[in-house]
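S.K.: The residues making up each chain are set out below.
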Amino acid sequence: GEDVEQSLFLSVREGDSSVINCTYTDSSSTYLYWYKQEPGAGLQLLTYIFSNMDMKQDQRLTVLLNKKDKHLSLRIADTQTGDSAIYFCAVNNAGNMLTFGGGTRLMVKP
Amino acid sequence: EAGVVQSPRYKIIEKKQPVAFWCNPISGHNTLYWYLQNLGQGPELLIRYENEEAVDDSQLPKDRFSAERLKGVDSTLKIQPAELGDSAVYLCASSHYTGELFFGEGSRLTVL
Chain A
39 GEDVEQSLFL SVREGDSSVI NCTYTDSSST YLYWYKQEPG AGLQLLTYIF
89 SNMDMKQDQR LTVLLNKKDK HLSLRIADTQ TGDSAIYFCA VNNAGNMLTF
139 GGGTRLMVKP
Chain B
32 EAGVVQSPRY KIIEKKQPVA FWCNPISGHN TLYWYLQNLG QGPELLIRYE
82 NEEAVDDSQL PKDRFSAERL KGVDSTLKIQ PAELGDSAVY LCASSHYTGE
132 LFFGEGSRLT VL
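Going down the list, the protein sequences come from chains A and B. Per my numbering, the very first residue in the first sequence carries number 39; after that it's consecutive. Per my numbering, the very first residue in the second sequence carries number 32; after that it's consecutive.
The reader is advised that the hints may include incorrect statements.
[Claimed, not checked] Here are a few chain B residues that sit away from chain A, every Cβ distance over 10 Å (derived from the structure):
| no. | residue |
| --- | --- |
| 1 | Gly59 |
| 2 | Gln72 |
| 3 | Ser97 |
| 4 | Gly103 |
| 5 | Gly135 |
| 6 | Gly137 |
[Stated by the list, open to error] Below, simulated DSS-like cross-link-like pairs (lysine-lysine); rule was C-alpha separation at most 30 Å, straight line:
| no. | chain 1 | residue 1 | chain 2 | residue 2 |
| --- | --- | --- | --- | --- |
| 7 | A | Lys106 | A | Lys94 |
| 8 | B | Lys93 | B | Lys109 |
| 9 | A | Lys74 | B | Lys47 |
| 10 | B | Lys42 | B | Lys93 |
| 11 | A | Lys106 | B | Lys46 |
| 12 | B | Lys46 | B | Lys93 |
Hints in this document: simulated from the structure, not taken from any laboratory. Quick caveat: nothing in here was measured; it's all calculated off a predicted structure. C-beta atoms are modelled at their ideal positions from N, C-alpha and C, and glycine is treated no differently.
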């Protein structure tokens with residue numbers, strides 16, 4: 039089945055850029071997502087990208103997709119303390135079945 | 032518009048006891064999902080409903096877990112009997128067909 043991998047932890051200073059990386063195995067995935075989870079809360083969809091796109095920008099968020107390497111990244115510009123959370127990469131396969139990575143905990147230091 | 036509502040938010044039980052979780056999806060969403068999220072991990076799909084039909088329950092441990100979605104709206108997920116390893120967060124999500132998934136806040140289960 040699909041395997042989605044993320045690094046466990048990232049620490050940045052407030053105002054810096056954050057880059058969270060994700061790799062996946064299923065090249066047939068058509069949609070790739072980034073979710074944010076704050077403590078004690080459910081998952082909130084941040085952004086997504088179609089597999090036929092290389093890049094998508096949405097305000098402070100930039101998603102880059104390298105289909106050849108099956109690599110997805112999320113860049114958060116001007117990272118704020120409110121961005122501290124766990125970020126999950128998810129890819130879909132047939133029937134809108136999502137496979138999630140293990141999540142990357144982002145810590146933003148003032 | 033109300034989001035996905037789950038209850039209870041927290042539940043503490045002793046092992047071998049039964050437990051049930053309830054989910055009310057967003058109005059009009061025909062697809063409902065139950066995910067299991069273990070501590071420090073990403074969510075894993077347990078079961079997916081399209082209307083009242085379970086279309087994917089391959090990851091649901093059927094010896095102790097059961098789910099239903101009568102009338103194609105609300106859903107319940109039951110564990111009987113609960114084991115220590117069932118301690119986790121149980122997330123419900125809904126979508127309009129294959130659109131964006133909206134998640135509830137989850138039900139955190141602690142089995143003692």
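S.K.: When the structure is checked against the list of hints, which entries are broken? Sort them ascending.
M.R.: When the structure is compared with the hints, numbers 2, 5, 6, 9, 11 turn out to be violated.
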